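If you're matching them up, the sequences are chains Z, U and E in order. The first sequence begins at 317 in this note's numbering and counts up one residue at a time. The second sequence begins at 227 in this note's numbering and counts up one residue at a time. The third sequence begins at 25 in this note's numbering and counts up one residue at a time.
Keep in mind that a hint or two might mislead.
[What the hints assert, rightly or not] Calculated from the model, a selection of chain U residues having no Cβ within reach of chain E, i.e. all distances over 10 Å: (1) Arg424; (2) Phe468; (3) Met528.
[To be verified] With a Cα cut of at most 30 Å, we get these calculated BS3-like pairs of lysine-lysine: (4) Z:Lys645 / E:Lys197; (5) Z:Lys635 / E:Lys44; (6) U:Lys423 / E:Lys163; (7) E:Lys197 / U:Lys423; (8) E:Lys293 / Z:Lys645; (9) E:Lys197 / U:Lys478; (10) U:Lys423 / E:Lys291; (11) Z:Lys645 / E:Lys335; (12) U:Lys490 / E:Lys335; (13) U:Lys490 / E:Lys173; (14) E:Lys291 / U:Lys532; (15) E:Lys263 / U:Lys463; (16) U:Lys244 / E:Lys173; (17) E:Lys263 / U:Lys478; (18) E:Lys94 / U:Lys490; (19) U:Lys244 / Z:Lys325; (20) E:Lys291 / Z:Lys645; (21) U:Lys478 / E:Lys291; (22) E:Lys44 / U:Lys335; (23) E:Lys44 / U:Lys490.
Treat the hints as calculated values from the structure; they're not laboratory data. Keep in mind it's a predicted model, so treat the numbers as computed, not measured. Glycine included, C-beta positions come from ideal geometry on N, C-alpha and C.
As a plain string of letters, each chain reads:
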Amino acid sequence: MRGLLAALKEITRYPSAMVGLFILAFILALAAYAVITIPYGEAIRLWRGGEATWRYNPRTAAPAWIDYLTPKKLLRTVILGPEDAQKEVKVLSERTRRLIFTYTLDYEADVFPSELAVVFKSQYEKKPPRVEVIWRTPDGREFSFGRQIPSGKVHWYTVSQDRDLIASLRGAPEEVLFQDPNAPEKTLKGIHTITIKAYVFEPEADLEAEVVVYGTVYGIAGTDHLRRDIWVALLWGAPIALAFGLGASFGITISSIVFAAIGAWFGGWVDAVVQRLTEIRMVIPTLPILIMVGLFYSKSIWVILAVLIGLNLIESTVKQYRAVFLQEKRTPYIEAARSYGARHLRIIFRYLIPRVIPWVIPSFVLAVPAYVFLEASLSVLGLGDPVLPTWGKLLSDAFSHGALYHGYYYWVLEPAFLLMLTGFGFTLIGYTLDKVFNPKLREI
Amino acid sequence: MEPLLRVEDLRLYFRTTKGIVQAVDGVSFELAPRTAMVVVGESGCGKSSLAKAILRLLPRNTHTYSGKIFLDGTDVMALNDEQFRREVRWKRISYVAQAAMNALNPVIKVGTQVAEPLFIHNNLTKSEAVNRVVEAFQLVGVPVDFVDRYPFELSGGMRQRVVIAMALITSPQLVILDEPTSALDVLTQANIMNSLKRIREELELTYILITHDISTSSELALDAMVMYAGQIVELGKAGHFFLEPLHPYSQKLMASVPTLREDKDLEFIPGQPPSLINPPTGCRFAPRCPKRFTTCEKEPPMVEYKDGRKIKCHLYV
Amino acid sequence: MQDQVLISVRNLHKWFELRKWGFIHVGFVRAVDGVDFDIRHGEAVTFVGESGCGKSTLARTILGLYQPTKGEILFQGKKLQKLGRWYRAQVGYIQQDPYGALPPFMNVRRILLEPMVINRRGTRTERERRIREVLEEVKLTPVEDFIGKFPHMLSGGQQQRVVIARSIVLNPKLLVADEPVSMLDASVRVEILQLLRGVQEAHQLGVAYITHDLSTVRYFSERIFVMYAAKLVEKAPVKELISNPLHPYTQALLDAIPDPDPENAHKFKEVPPGEPPSLLNPPPGCRFHPRCKHLIEGLCDQEVPPEFEVKPGHYVSCWLYK
Ligand SMILES: Nc1ncnc2c1ncn2[C@@H]1O[C@H](COP(=O)(O)OP(=O)(O)O)[C@@H](O)[C@H]1O
Ligand SMILES: Nc1ncnc2c1ncn2[C@@H]1O[C@H](COP(=O)(O)OP(=O)(O)O)[C@@H](O)[C@H]1O
Ligand code: SF4
Ligand code: SF4
Ligand SMILES: [Mg+2]
Ligand SMILES: [Mg+2]
């Protein structure tokens, strides 16, 4: 054990390994942060939540930091709530009151909002209120629309989809309302005044309204087609990728070593069986089997992980390990152990296997990226875990919604970057470990 | 007599992750023609490195390589690597590396391997080369029909002879033998020593024999060099060294040699040779020396004893 | 006690089957081919012979690591096959390559603990005490400096001390030391041999000391057994063998060993020609006959010489002494 620690200390002397360790620390921090701030159940709930959970987010918005990279000023979502409104109440009769909310919106962005919506939250017994929106642009034009009776307690009036309005404006409301009439490509900067007029018909009735001006950028990572915050998936992708990659690599490495050691030590038919199983395994393709499992049995990532390990219990590396064990088997200390009475299992687990550990650690680390990528590939093939947010799922969603075609590069690049970073980190560390543990490669 | 080889202040340091290994640290000596000098010392004291330094077989991690080497009066250090390779190595100084018998190429017939130096250094026809191989085999006592065998078909003793044949085939003046018999059995060892003696007389060769086995070295030794921690501590006639070693290290070394015929009390040298990365200042043997005194904190000079021996010890100043 | 036989080996054979491509029988390598001897309680015996003559095979067979092909081994009068694991604790094994003999991933404490754990000896504190005891005995002191070290942190001599400590940790009655110093530096050899001798005398151990180097034997053992081509050809007390070698092979062996003498450089040695025979097809009759200058034609090359007791305690297998 102390030897391992010493070796770990030794790798800090290699700059490449330091970079690798730094990357790994970052991914680990991401994973820890994810698990602590968004518990597993919560993550699943958020990701399956769909529109209701994410209604205030723009669709397919780029990450907010893009704003700093483009000369244009982009738009973050603006939500004008009751506290932003000037409220005026006029009692019209015993029962009827007129409520007027006036919102001001200082519009500075160079792009049009991606959507417009007004949310009415009303309280009433029997007779619902009536509402109307009057939008006054900075240059003084006034548009009146949205005359309607909100149904239910919370009523979403999606301005962008108001057919009548679109017809009368001859264009998308979120564009026409913000256009400079002289240069339709540009936005008109200045103060919009939005007035919502509502009539309530019961003494106890009340109404609040929110004006949602959906931005074109959102948060750290942007949003997807379902308005979901991609950051959640990026965060949760980290622990899942690590768990899957490390779990698969660890399980497969350990089981292969144990089988190789048993075969090499006992020799004879035991060895022959292990050898044949290895060969059989070598002609069974992993990916198609995983696809079948995904299609017909379960897409749960944990089931896939178990199947993957199960399939690779005797992996092709058994041959390499066996060659090492066959050599180790003849070393004098094994003979010495036999001379003081050590039995088979003790020799295998206490004397043979520890010997290859230093040799195995680098290949264990180096194998991790392959399994991380495998999980991503399965997701891209549509076999990803349906409930969990993972990097592969992000990629898969991005592809199936034409992210690249529509120019939503962030949607692809973010998970791809993290995948590569993880792979890169493990690879850097793996190669350095190889140098440290494998003196042949080490410069003298 | 003009020396065949004169070495002055030869240094060979290696770079390692732990520091600079001063494997050969200021070695100077002269070698008369037709003599045989043994180099003895515990393993790790720089004997093989000395051979490599003389032959300019420098590993990639060489840190320092300096000093002067004169062969028959010519300054070989002035030659560039290519000239040295073409005109000195193998042609005038050849080498039987430590454990070379285990380093023979397993898939090439030994006859071909022995002829290899010829193809590099002399423009011989194939039949001339074959003749030379046959001569070399006869010289070292390998049956001639072994030329077509592969190394694994030969016993250890035969492989060692093959390696010696390889060193002799270019008719060099000086042969450096690094532990040529340490891995072999007593009878084989005696046989090879006999052959080496005979070959030296027949061909008027000069040998440098590197070994840690003092008894066996006496079979060949005319001169003796004792190395300790990268430096020479005693240098002189072999007879003087075997019968009356002077340097405390040589004395200890001789006292640790088991003898079959006389019943002496064996001694051993306590402790271990120092690290060549940070060798002790002053006398390098001081930490293990039974005769140490205060002056030994300073580096001892190389003094000439009355019988012509050179000793690096304050006792003889 | 001194005169009681500790281990007795009768007509021992160990043959290895040699196969081509793993299944075609080619023949047997007769690595040990009819060996008889006794080792008494507290007696150190040297086996000397050239490499490949079967010394290590003999050692492993005595240790019970190989099943004999023929013949038997009696330990304190009981057949080895019947003794099982109990016997393992009665013999200690010291190998040639000290570094290889120690698991590189265990520290000294673990290395010494293993035999006790495997043989269920003592409680935790007793084991700890025993570890310190044996480390002190092999002079790896102060114990604290060594107990946590890994083999690669020790010098060759220190590694071999650990190997010796491990071989005696179970209080065995017999030590089998297979070329224990041949991989060590000359200056360390003496130290290790003296240590081994000290341990042997302190505990009255029987020792089978195997070597190819006769020059050290006079410092070590009571009797020498000379092995040539899988057979013992001469058995005698040390002084007797060195001063009065009888077998032509023994004589050649002793002649070949130089003492450090400047005169050696001016003399040629008389050495028997050739090399030891293949154990796959050993020559008929006396196995030394192709190299022997005293060869009696018609006898030596046809009939295997029996063992003759030329003097009390001095046995030789050579027709010259019939
Ligand atoms: N290529 C090398 N790089 C680093 N250290 C070396 C190298 N070759 C030899 N050494 C070190 O130099 C010292 C002398 O080695 P060597 O000349 O082989 O000694 P000897 O032949 O006397 O046993 C040893 O400490 C050895 O570890
Ligand atoms: N396990 C084995 N299988 C086949 N041949 C062996 C085996 N062990 C040793 N031999 C052969 O037996 C002979 C004696 O070997 P060994 O006992 O190691 O000799 P020594 O120890 O005297 O050098 C050698 O020819 C060797 O090749
Ligand atoms: S100089 Fe001093 S320490 Fe060194 S060998 Fe001579 S007496 Fe010993
Ligand atoms: S038996 Fe014959 S051949 Fe064998 S050693 Fe004796 S004299 Fe020589
Ligand atoms: Mg050397
Ligand atoms: Mg052996």
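Okay, the hints, checked on the actual structure:
Distance check for Arg424 (chain U) against chain E: the nearest CB is about 7 Å away, which does not clear 10 Å, and the non-interface claim fails. At the 10 Å boundary, the C-beta of Phe468 (chain U) falls inside the reach of chain E, the nearest C-beta of that chain being 5 Å off. Chain E leaves Met528 (chain U) outside its interface by the beta-carbon criterion, the shortest separation being 23 Å against a cut-off of 10 Å. Restraint check: the Cα-Cα separation between Lys645 (chain Z) and Lys197 (chain E) comes to about 28 Å, which is no more than 30 Å; the hinted pair holds.
Pair hint Lys635 (chain Z) plus Lys44 (chain E) holds up; C-alpha atoms about 23 Å apart against a cutoff of 30 Å. A hinted pair counts as satisfied when its Cα atoms are at most 30 Å apart, and Lys423 (chain U) with Lys163 (chain E) does not qualify at roughly 43 Å. This hinted pair does not check out: Lys197 (chain E) and Lys423 (chain U) have alpha carbons roughly 47 Å apart, beyond 30 Å. Distance restraint check for Lys293 (chain E) and Lys645 (chain Z): the Cα-Cα separation of roughly 42 Å exceeds the 30 Å cut-off, and the hinted pair is therefore not satisfied.
Restraint check for Lys197 (chain E) and Lys478 (chain U): the C-alpha separation of about 35 Å exceeds 30 Å, so the hint is violated. Between the alpha carbons of Lys423 (chain U) and Lys291 (chain E) the distance comes to roughly 9 Å, so the proposed pair stays at or under 30 Å and holds. Taken as a hint, the Lys645 (chain Z) and Lys335 (chain E) pair is broken in the structure, with Cα atoms around 46 Å apart against an allowance of 30 Å. Under the criterion of a C-alpha separation no larger than 30 Å, the hint pairing Lys490 (chain U) with Lys335 (chain E) is consistent with the structure, at around 27 Å.
In summary, the hint linking Lys490 (chain U) to Lys173 (chain E) is not supported, as the alpha carbons are separated by about 36 Å, beyond the 30 Å threshold. In summary, the hint linking Lys291 (chain E) to Lys532 (chain U) is supported, as the alpha carbons are separated by about 28 Å, within the 30 Å threshold. Restraint check for Lys263 (chain E) and Lys463 (chain U): not satisfied, since their Cα atoms lie roughly 34 Å apart, outside the 30 Å limit. Pair hint Lys244 (chain U) plus Lys173 (chain E) holds up; C-alpha atoms about 19 Å apart against a cutoff of 30 Å.
Taking the CA atoms of Lys263 (chain E) and Lys478 (chain U), the gap is near 26 Å; set against the 30 Å cutoff, the hint holds. A C-alpha spacing of about 42 Å is found between Lys94 (chain E) and Lys490 (chain U), which places the hinted pair above 30 Å, so the restraint is violated. Note on Lys244 (chain U) and Lys325 (chain Z): the hinted pairing holds, with a Cα-Cα distance of about 15 Å set against a maximum of 30 Å. Note on Lys291 (chain E) and Lys645 (chain Z): the hinted pairing is violated, with a Cα-Cα distance of about 47 Å set against a maximum of 30 Å.
Between Lys478 (chain U) and Lys291 (chain E), the direct Cα distance comes to roughly 27 Å. Compliance with the 30 Å bound is thereby established for this hinted pair. At most 30 Å may separate the alpha-carbon atoms for a hinted pair to count; Lys44 (chain E) and Lys335 (chain U) meet this at roughly 22 Å. Between Lys44 (chain E) and Lys490 (chain U) the CA atoms are separated by roughly 51 Å; this puts the pair beyond 30 Å, and the hint is violated.
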